[in-house]
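**Q** So the chains spell out like this:
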Amino acid sequence: MKGTAALTEEQVYRRCPLGQLDFETTDSLEDLELPCGQARVLRALEFGANMQAEGFNLFVLGPSGAGKQEFVERFLARHTETQPVPPDWCHVFNFQFSDRPRAIRLPAGEGRQFKDDMVDLAAELRTAIPATFESEEYQARLQELQEEMAKRQHQGLFDIQEEANRNNIAMITTPAGFTFAPMRNGEVIDPEEYKAFSEEEKELVESKVDELQKKLQLTIQQIPRLRKEVRERVHALNEEMVQLTLGGPIGELRAKWSHLQGVVDYLDAVREDVVEHAEMFQDVENGVPGGLMGRYRVNLITDNAETVGAPVIYEDLPNHQHLVGQIEHRARQGTLYTDFTLIRGGSVHRANGGFLIIDARRVLSQPMAWESLKRILFSGEIRIESLERLYGLVSTVSLQPEPIPVSVKVVLLGDRLLYYLLSHYDPDFLDLFKVEADFEDDLDRDEECYTLYARMIATMTRHLKSRPLDRAAVARLIEHASRLASDQRKLTAHDRVLRDLLSEADHWADQGSSGVIGAGHIQQAIDEREYRASRIRQRSREQVGRGIVIIATSGEVVGQVNGLSVLSLGASMFGQPTRITATARPGKGQVVDIEREAKLGGPIHSKAVMILSRFLASRYAGEGDLSLSASLAFEQSYGGVEGDSASVAETCVLLSAISGVPLKQGFAVTGSMNQLGEVQAVGGVNEKIEGFYDVCRQAGEVRNQGVLLPASNVEHLMLNEAVRKSVAVGDFSLYPISGIDQAIEMLTGMEAGEADAAGCFPEGSFNRAVADRLGKFAEISKKRDDNDAGEDKSGDKRED
Amino acid sequence: MTNGRTDDRKAQRHSRRGEGRIVVLLDGSPMSYAALRAAANIAAQTGAEVLGVFVEEMNLLRSAGFSFSREVGSASGISRTLDTARVERRLQRLADHARQALAKAMEGRGGHHALSITRGRVIEEVLALAGPEDLLVLGRVGWSSAPGARLGSTARGLVQRSPGRVLLWCEQNVPARDRIVVFLNDHPEANERALTAAAEASRRYRQAVTALLCPGSSVSQEQLSDFSRDLEVMGGGIRLRVLPACDPATIAQTVRQEHASHLVISRGCVLFQKPGADQLLVVLDLPVTVTP
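First to last, the protein sequences are chains A and B.
Be aware that the first sequence starts at 1, since it is given in the working numbering, and climbs by one per residue.
Be aware that the second sequence starts at 1001, since it is given in the working numbering, and climbs by one per residue.
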């Protein structure tokens, strides 16, 4: 196993071949309509956008900053431009139930026209109807009517008066009514004189008076009925006049809008309402009441007059009101009031017939917004209700506009965790969002990708209005994209990072008065970003340099090795070495993970320690007992340890402690190990290697130091220039390892040794040393057990 | 100020003779109080004395004195017994109201006023009090009129028989009327009296005048010119309209077309000679001045 070759410079960094980039600057490249490498999400969007069945709304999932919104908007803009423009919707007064405004659907663009027509009609009503009431014709007819009715009222009284007069009885009017008395020559007879009348005469007079009184009573009691008749006939006259006046303008509108039954019905209702309220148009002094005329207005909720194709709406504040609309109130003399003209449409109204893009996190963080959105999608209609009404906080009378049918595709944008949580916890979610459009984090870095990626960068620069990039800059950016993807065979698809880098590079180019962005500007942008985020890293390095955190980078020590860990802070990551130590003594086969005992170790780390414990037992104890009591610790680690990337290092240090063979401190080790002793890939190798390199450089001249890393991690290496230079001259070496024995050999300089058929390791090998030492531990343990058993037996006897 | 029962009618009739009083007929009805306010306004402008007249109608008092007397309510039609004492009390209360109303209407206006309370027949009592120089002001209808009536029997009688000018008052519901309309005929003296009354009204209300002429009738140009000149001095003017016909309906229609706020018409006009001519007064709902 000896002679594991160190990695070459080419192996630790995959350069972008300039030959693949056939252009001078990105100016000569065409725009890329949609970012490359997102075939899956594109197919999902195409499917979701075209799928007509219910519930096939989309959830576009991907990390924040991946450019989901822009991607979706660009896709939908292209997709919807050939689709039909959805209709306009308006609310009008409901003459039957005033608290339930009606909704009318009109072809796109006709809503405005209808609104204007109603404004014109109202203006005409305002002048034409009062003019009708002032006309000679109306006045004359009204006068005739009133006279006729007055005459009829009079006639009854006049007839009675006539009859009384014929019978020499006077009908006298009193302040409160009428009375009858006998008269002579137009004068009421003196009551004293009347007493002298004969009984027959008196009886005649009194019976006549009685008869006349009854007739008069009947006649007077008819008067209210006559008055009512007058009112009815005046109303009928008003109606007739208004009907004639309205005939022209409403007739024209009816003919114009005959293709829309809803509008025709509304116009008929307007006509009936005007006729019913004809008297209110007669107030010459104050004019027609504004409240009455306000009823004939049109509240255009959705105006698609200028919409091209189906609408694509992005709601940046998706709260309940903004989504479903609201009913506003106006304060008047300390009182809040509302009417149908104060109904405001929401983004669902605007997106009706098209697409509504919403950020999932935002809609979930707004009270009731998510529930309202789901209710719309389930019911297929928008019902405008205020939040306070939904919560039952108010019980005042308000409006209940007629629900508007809705056909909208909702596109939610969110990160993956949110999608999985919603799928798990919201039973409605998968019924409504059946299309999952998952964004790729990385793209394949193959021969074809270079041109596409360069075009994507060119498109970005144009959107950002930044300078073009020359070929070398694009190459450097592609290499950095691989580093960001932590993979030589991938390129990051993270839109925000690339944009930010381009903007910063453009800034540095501007500072350097350069017309194009060169590789140097890209590098400067990378370095500056790294520098800005380097405070914690530098503090950590300083502590190592001053010996506060003890890391050995030379010499050999038993039971001590350099492990590597990665710290992730905000958007930056950096690696740093950690001293791992082990102790070993005879015991009952347990390996104490001090981190776990101190509750500083996470479950994955505990699992890794258990694996290495089982590995030791199976390799060195065979069918016997593993008589070992060992401990493992991450020295000067106070913040918790998680992950299994130190399990190779832990195995090596434990074996060193058992065998007493020292380990070379010039190496750091990373990699996880399985129960068979095979080394497996880990994350963050670039940061870890660079971190150890920095510590070595800080400790003095870098020479004969290096890192052992899993062979399967080699293709993830995209190391920085400093490391690459040291690797090139052989001062700093990176060794790919695939088994634990390789690590042991590198760290000890001894042959590991393979067990023969009997399970014995060759003499002088490292494994033999381990096995021998464990054998001694076993003997010691056995003796101790025997002694303990003897003591127990004698003790028992004494007790007997 | 006289506010007690007046016995010496002759003395009253001839007091301040030649200056012309305003005699306003009060019967306790809303229309009579409206007429009182109009009279007070005129008095404030002319400085004339106002004499209120309240007549306790003899026929009414007598009619309550029979054992079978009953009163049928004008609004409800309900029949109740009626006796003299009740009618007396009622008339007393109305007279008190009339007195208070007169005092209130004249308050602050400074002119002389008096209330005459008499017992008898209304027309005769009023004619006994009002002379030819006096302006008689009364509501078109009183409380005693039948429901819906537009011209009461007292008004009819006084218009026909009054020796002087009569102003039949009514409250106008329709605003924006701004012309005095005077109806002229072939009688030059009557025309002059009518034009004088129209000029006074024009002055009082600051409104222009329209003169209506029956077809075929003529008015001396000189008379019209003088009249026109008088009005122009006051900043007004006169418009002459010849009517197509001389029936009450045509006159009423023309009056409406002119947006008349006030009509002046002479009692000597041929219209008044014909039977049923007072129909014109019935159909017009505006104040009418009838000149001798």
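Hints may contain errors.
Claimed, not checked - With beta-carbon atoms standing in for the labels, derived distance ranges:
(1) A:Ala196 <-> B:Ser1153: 26 to 32 angstroms
(2) A:Gln243 <-> B:Ser1153: 39 to 45 angstroms
(3) B:Gln1160 <-> A:Gln243: 43 to 49 angstroms
(4) A:Glu144 <-> B:Gly1047: 42 to 48 angstroms
(5) A:Leu336 <-> B:Gly1047: 55 to 61 angstroms
(6) B:Gln1160 <-> A:Ser98: 55 to 61 angstroms
To be verified - Some but not every residue of chain A turned toward chain B, in silico, with C-beta under 8 angstroms:
(7) Asn185
(8) Val188
(9) Pro191
(10) Glu211
(11) Gln213
(12) Gln217
(13) Phe429
Hints are computed from structural coordinates only; laboratory data are not their basis.
Backbone N, C-alpha and C fix where the C-beta goes; we use that ideal spot for every residue, glycine too.
**Q** Which numbered hints are broken by the structure, listed smallest first?
**A** Hints 7, 10, 13 are the ones this structure does not satisfy, whereas the remaining hints hold.
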